[in-house]
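A.B. asks: Letter by letter, the chains look like this.
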Amino acid sequence: MSTSKRIPVAAIVMATAAALAACAVQPPAAKPPALGTAVSAEEVARWDISIPPSGAGLPRGGGTARQGLQVYEQKCLACHGAKGAGKPADPLAGGVGSLASKTPLRTVGSYWPYATTLFDYVRRAMPIANPLSLSDDEVYAVSAYVLFLNGIVGEDAQMNAQTLPQVKMPNRDGFVDMSRR
Amino acid sequence: MNRIDRTKRTLMGRSVSEPNGTIGRRTFLARSAGIAGAAVAGVAASAGLAPGANAQGLAGHPWERVYGAAFAGYGQPSRFELPVVRHFLRPYGDLAPGSGAALTPIESLEGIITPSSLHNVRNHSGTPDIDPKQHQLLLHGLVARPLTFSMESLWRYPMTTRTYFIECAGNSLRNLAPKPLQLPAGAIHGNISCSEWTGVPLRMLLEEAGLQPQAKWLLAEGADSAHMSRSIPLDKALDDTMIALYQNGERLRPEQGYPVRLLLPGWEGNTSVKWLRSLKATEGPTHTKDETSKYTDPLPDGRALQFTFEMGVKSVITRPSSTMTLPRPGFYEISGIAWSGAGRIRRVEVSTDGGANWVEAALTGAERAKCLVRFRLPWEWTGQAVVLLSRATDEKGHVQPPRKEWIAQYAPDARFHNNSIVSWAVNADGSVKNVYI
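Read top to bottom, the protein sequences are chains G and U.
Just add 110 to the spot in the first sequence (first one is 1) and you have my numbering.
Just add 338 to the spot in the second sequence (first one is 1) and you have my numbering.
Just to be clear, a hint being listed does not mean it is correct.
If you anchor each label on the Cβ, the simulated ranges turn out as follows [as the list claims (entries may be wrong)]:
#1 U:P665 - G:P142: 52 to 60 Å
#2 U:Y670 - G:T147: 53 to 61 Å
#3 U:G735 - G:R156: 45 to 53 Å
#4 G:P143 - U:K742: 50 to 58 Å
#5 U:P551 - G:G261: 41 to 49 Å
#6 U:R541 - G:G167: 35 to 43 Å
#7 G:P198 - U:A766: 36 to 44 Å
#8 G:A188 - U:Y405: 54 to 62 Å
#9 G:R291 - U:S769: 39 to 47 Å
#10 U:G548 - G:Q272: 28 to 36 Å
Here are a few chain U residues that sit away from chain G, every Cβ distance over 12 Å (derived from the structure) [stated by the list, open to error]:
#11 L511
#12 A547
#13 A700
#14 V725
Everything labelled a hint here was simulated from the structure, so no lab data went into it.
For each residue, glycine too, the CB sits at the ideal point set by N, CA and C.
Just chain G, same shape as in the assembly (with noise of 0.2 Å):
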């Protein structure tokens, strides 16, 4: 009798041992949380600050090199010297025709593929202690005066979302694109 009753209970345990088996074997199938918000197209408009040489997502606005030395003068020659001949920080032109000399001299004159990265990175980055301080025609206009001290663009030549992405820069096709190697 206690020998019958002994089976059915390990019977049991068994059965119960391999369902718990199957349980751990056999999880809530494991879907990413997705806990993301969407988000509407204004408030990335908000967010994004980035320009490609494309120039989409450049601001209305414009301005030229003779409006931009007032801002130079004022929020960029401390560091970059006068006429962006650099110290302490970079130099901002000269150096055209020196890459392949035994004195390169690497300025957004001489070196720099794209206006547009001249736009993107004073507006992202610059005044250094000051970033995103400069309204959009000040972005325009300082970089229209560091073009012109390049001799990329006239004096009064106005920078805005059309003709700054049609500035051609003199090392434009100076980069290989190892990307694609």
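On the provided structure of chain G, position chain U as indicated by the hints.
C.D. replies: Chain U only, in chain G's frame:
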């Protein structure tokens, strides 16, 4: 009674009930006070015994005879290790004190993992002070569903843990100076560190947002005041790229991107954008300042290589190394670090005769890809002047190049991706100098 009353006050007047057999906090505090009282009584009793009959005559330093320091909430190294600090490279000086780099003192460290407090730092506009409750990551551009992620939500995703090095592309630029600088190894080659990183595979978030077919690149952007930004090919983003949240078991340090950074294993550190605020799916690269005017590799003919992401195979002997002195001839272990952005380290060879003969060193950690490897070789220094070199080979067969060979490939002002062989001269007086051979 007084003691119990004080305990009550520390419990802010709350009544603490203690079920049978459990030790409540009030009882625990009262008992602890009793133990301290007994210890004081014991000291008083021993004062009456004759000298020699107790432990006073036995050897033992002062710290063995006083009660040790109390617990610290966040531990610190011994005060005797205070000289072990990072080496600063500040190209703009006080004008921009947070711009530049803090290099890891690799000459003072052992093993594979870099302590978080000594991890190399490359900042463009200092370290931001970010409130994780307010910080968000925006995923947008060529996606079906533009999304924002709060930190609370990112912390809930399934995570992976991996050990990876991060090397700044500008590491070892100081060894391109015309004359070899006599600085500690870390001040020259310390823009490299290795940590255990935990985070969410980027692929998971990209799948949630739904990439459009024309998306081929991502623009990653930081929330520092430089809004440092880099374009990243989508293939890498979908491969082993991680949204890193933890470093060496704790949440990221501010200088490593708190609360969230990108981590691109094996690629130049600049692409592992810290303080990540935005990822934008794009058709082509954005050509940001840090992938055009900087982090490009100029060639002698005036052209420049762009998007050279992978860090080359490299090794450095950290002990003995520049500025150290060997006190006397005899046994020394040559110890160093090796790594490759292409994968695993297959072999590190060491020469103790300026490159005439090479011996294979023992490796620790070679099973891990894109991770620091520790190499070691026992060495008997006879007291004669010698030059020590190390040369690493990775699993793809890439071999660390000699310095002259590396320099010949590039323009005179090249300074990124210098993975050339490092040479330390041990002079007869035991002084170790940085040399070019």
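A.B. asks: Run every hint past the structure and note whether it holds.
C.D. replies: Going through the hints against the structure:
no.	hint	result
1	U:P665 - G:P142: 52 to 60 Å	holds (58 Å)
2	U:Y670 - G:T147: 53 to 61 Å	holds (58 Å)
3	U:G735 - G:R156: 45 to 53 Å	holds (49 Å)
4	G:P143 - U:K742: 50 to 58 Å	holds (54 Å)
5	U:P551 - G:G261: 41 to 49 Å	holds (42 Å)
6	U:R541 - G:G167: 35 to 43 Å	violated (26 Å)
7	G:P198 - U:A766: 36 to 44 Å	holds (43 Å)
8	G:A188 - U:Y405: 54 to 62 Å	holds (57 Å)
9	G:R291 - U:S769: 39 to 47 Å	holds (44 Å)
10	U:G548 - G:Q272: 28 to 36 Å	holds (33 Å)
11	L511	holds (15 Å)
12	A547	violated (7 Å)
13	A700	holds (35 Å)
14	V725	holds (29 Å)
Checked against the numbered hints listed earlier, the structure breaks hints 6, 12; every other hint is satisfied.
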